[in-house]
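Engineer: Okay, here's what each chain looks like letter by letter:
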Amino acid sequence: DTGVSQNPRHKITKRGQNVTFRCDPISEHNRLYWYRQTLGQGPEFLTYFQNEAQLEKSRLLSDRFSAERPKGSFSTLEIQRTEQGDSAMYLCASSLGGGQGEYGYTFGSGTRLTVV
Amino acid sequence: TQLLEQSPQFLSIQEGENLTVYCNSSSVFSSLQWYRQEPGEGPVLLVTVVTGGEVKKLKRLTFQFGDARKDSSLHITAAQPGDTGLYLCAGLYNFNKFYFGSGTKLNVKP
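Chains as they are written, first to last, in my numbering: chain A, 618 to 733; chain B, 196 to 305.
In case anyone wonders, no lab produced these hints; they're calculated from the structure.
There's no promise every hint is true.
[Said to hold, decoys possible] Computed cross-link-like contacts, EDC-like style, restricted to lysine to aspartate or glutamate with a CA-CA straight-line distance of at most 20 Å:
no.	chain 1	residue 1	chain 2	residue 2
1	B	Lys265	B	Glu200
2	A	Lys674	A	Glu685
3	A	Lys631	A	Glu661
4	B	Lys300	A	Asp641
5	A	Lys628	A	Asp641
6	A	Lys628	B	Glu236
[To be verified] What follows is a list of derived Cβ distance ranges for each label pair:
no.	chain 1	residue 1	chain 2	residue 2	range
7	B	Glu233	A	Arg639	31 to 37 Å
8	B	Val250	A	Glu695	41 to 47 Å
9	A	Arg681	B	Ala273	44 to 50 Å
10	B	Glu236	A	Gln701	23 to 29 Å
11	B	Gln275	A	Lys674	38 to 44 Å
12	B	Glu233	A	Gln701	23 to 29 Å
13	A	Arg729	B	Glu210	46 to 52 Å
None of the values given here were measured: they were computed from a predicted structure.
Ideal Cβ placement from N, Cα and C applies to all residues, glycine included.
Hey, can you work out the whole structure from these sequences and the hints?
Structural biologist: If you want it as structure tokens, here you go:
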């Protein structure tokens, strides 16, 4: 399977707990992105990596959110002290960087987070 | 801030009808992509357009990028129930990440 893999698919957690999601990108892709999608909206950019370097973080990414991509392979997104407003689908995508954007994203199936 | 506005938000049509959905912005994009998303899944890339005025066809789907690279349209001919889904446009800004519109939710009834 050469697609983007995200785990877990679903996560239900109590408010205040910490959660961590994992994304395994396509191995040839040097860029990895995290997006968040709420019901009825398009995906919103959170952060992206080129290889192991985190190049940009959205203002949406509060101090409770942290992302890593050790060794430029898989990535993790951690949310500390979850709040109900964090409930959303968290999408990971990978792509070949550079060019004029002719390389599209390959998205994973997402992790659906529900904070109760 | 929504850089990309999509219209209509919802569209419900009968099988066999034609439709057009629109993606508009006041910003110029380096490239624009269209994705289709089904419930509970990630978006799947349909097409990338890079040149102003470019038209691409994918079977019954026709994509057009505006001359000024600020807008795009997706036209579907003879829609089928399998076309049902959320259609998202995404514009490349500053050559590093794509911004997505809110999507057009299409329902094609048999």
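Engineer: Against this structure, judge whether each hint is valid.
Structural biologist: Consistency of the hints with the structure:
A C-alpha spacing of about 11 Å is found between Lys265/B and Glu200/B, which places the hinted pair at or below 20 Å, so the restraint holds. Between Lys674/A and Glu685/A the CA atoms are separated by roughly 12 Å; this keeps the pair inside 20 Å, and the hint holds. With a C-alpha separation of about 24 Å, the suggested pair Lys631/A and Glu661/A falls outside the 20 Å cut-off, and the hint is violated. A threshold of 20 Å between alpha carbons decides the hint, and for Lys300/B with Asp641/A the separation of about 29 Å lies outside it, so the pair is violated.
The suggested pairing of Lys628/A with Asp641/A holds, with an alpha-carbon distance near 17 Å, which does not exceed 20 Å. For the hint linking Lys628/A to Glu236/B, the alpha-carbon distance of about 15 Å falls within 20 Å, and the restraint holds. In this structure, Glu233/B and Arg639/A break the distance hint of 31 to 37 Å, their C-beta atoms being roughly 23 Å apart. A C-beta distance of roughly 44 Å is found between Val250/B and Glu695/A, which places it inside the suggested range of 41 to 47 Å.
Taking the beta carbon of each, Arg681/A and Ala273/B are about 48 Å apart, inside 44 to 50 Å as hinted. Evaluation of the 23 to 29 Å hint for Glu236/B and Gln701/A yields a pass: the beta carbon distance comes to about 24 Å. Take Gln275/B and Lys674/A: their Cβ atoms lie about 41 Å apart, and the range 38 to 44 Å holds. Remark: the range hint 23 to 29 Å for Glu233/B to Gln701/A is upheld by a beta-carbon distance near 26 Å.
Take Arg729/A and Glu210/B: their Cβ atoms lie about 30 Å apart, and the range 46 to 52 Å is violated.
Hints 3, 4, 7, 13, counting from the list given before, are not met by this structure.
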